[in-house]
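Peer 1: What follows is the residue order along each chain.
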Amino acid sequence: MKKLLVILLLISANAFADEISVKVQGMVCSMCAQGIKKKFTEIKEVKAIDVNLDQKVVSISTEEGKNIDDETIKRIITEAGYNVANIERK
Amino acid sequence: MLPYLLGILLLFVNAEAYAHPVIYKGGTMIASQNMEMFSDNQINYSFHQKWATGLNLWRFTKENAETTQFGLVRLNHLLKRWNNDNSQGNIYISTGAGVAESNFNMKGTKAGYLGGVEGDWETRTLFTSLKFYQFSAPKLDDVSITQARIGFSPYEANFDKLQSWVMLQTMYMPQVQRSVVVTPLLRFFYNNILWEVGSSLRGEWFLNFMVHI
Chain X
498 MKKLLVILLL ISANAFADEI SVKVQGMVCS MCAQGIKKKF TEIKEVKAID
548 VNLDQKVVSI STEEGKNIDD ETIKRIITEA GYNVANIERK
Chain W
1359 MLPYLLGILL LFVNAEAYAH PVIYKGGTMI ASQNMEMFSD NQINYSFHQK
1409 WATGLNLWRF TKENAETTQF GLVRLNHLLK RWNNDNSQGN IYISTGAGVA
1459 ESNFNMKGTK AGYLGGVEGD WETRTLFTSL KFYQFSAPKL DDVSITQARI
1509 GFSPYEANFD KLQSWVMLQT MYMPQVQRSV VVTPLLRFFY NNILWEVGSS
1559 LRGEWFLNFM VHI
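Line order of the protein sequences matches chains X and W. Take the first sequence: its letters are residues 498 to 587, numbered as in the numbering used here. Take the second sequence: its letters are residues 1359 to 1571, numbered as in the numbering used here.
Quick caveat, the hints were computed from the structure, so don't treat them as lab data. There may be inaccurate statements among the hints.
When the alpha-carbon atoms are kept at most 30 Å apart in a straight line, the in silico DSSO-like pairs for lysine-lysine are as follows [as the list claims (entries may be wrong)]:
#1 X/K535 <-> W/K1438
#2 W/K1519 <-> X/K553
#3 W/K1438 <-> X/K571
#4 X/K520 <-> W/K1438
#5 X/K541 <-> X/K553
#6 W/K1519 <-> X/K544
#7 W/K1489 <-> X/K535
Next up, chain X with everything else stripped away, as it sits in the complex:
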């Protein structure tokens, strides 16, 4: 019963969290892209961040009930030295 409650809680938490995929141009070097991870990690709305150089995609998971607007995402990527090609939300 306890396990079931935990699972339900996790499911409901995920239901309110945002999953954002950002396609980034120019992201060819893992060391240079560290700034992206560092800057997104500093934002309290961000729960987890993943950078995929193969797909040139930055995946952002937000905290439950929190969101990050497109302008903030574009600003962070630009300040890291890259261009945003596309933002998708799931």
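We have chain X; now place chain W onto it with these hints.
Peer 2: Same frame as chain X, now just chain W:
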């Protein structure tokens, strides 16, 4: 023991070769590169994605054992960046001002200046760069550096994996060495740390270290 530890630390608080002179906004770069004929130690802070400032200490050791040092406050600017789907290209300009010191002939300390331009183009497995720096200390010394690099990585490493490169570096510093110094080297980076090791065709060692904070 302490000098030994400090020596190790200095080796690893060192490097610029790869160093984009400007990194992400709010980022600090500590770098050092070392060869018998020169060393370059620097720390800089990118206060904007196109601008960085910092301190830079260059030391040149000439064939006649004369040494000239430049201690400079630098300003670096990302003039142009091309962010493509699978590549990135950059052009940077740098300027600096400070003091220069030489231990030979006209001993003394004078004002020293730096002007430089550099560019690079890279994919995940190819790297090329070209750099020209002119150091000037009127009535003391002038040193110019022309450096070119080409390299390849045998595999595409993802964000959190070790990336390895094989590179060939050529350096021409006519006031320091009369001939072009060719240095094959290995570059590695992992997360925010980069290190390079190599040896010139004449047997001069090359060590380089850089960290982004």
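Peer 1: Does each hint hold? Answer for all of them.
Peer 2: Evaluated hints:
1. X/K535 <-> W/K1438: Roughly 24 Å separates the two Cα atoms, so the pair holds.
2. W/K1519 <-> X/K553: 15 Å, holds
3. W/K1438 <-> X/K571: 19 Å, holds
4. X/K520 <-> W/K1438: 21 Å, holds
5. X/K541 <-> X/K553: 24 Å, holds
6. W/K1519 <-> X/K544: Distance of about 22 Å is within 30 Å: holds.
7. W/K1489 <-> X/K535: 29 Å, holds
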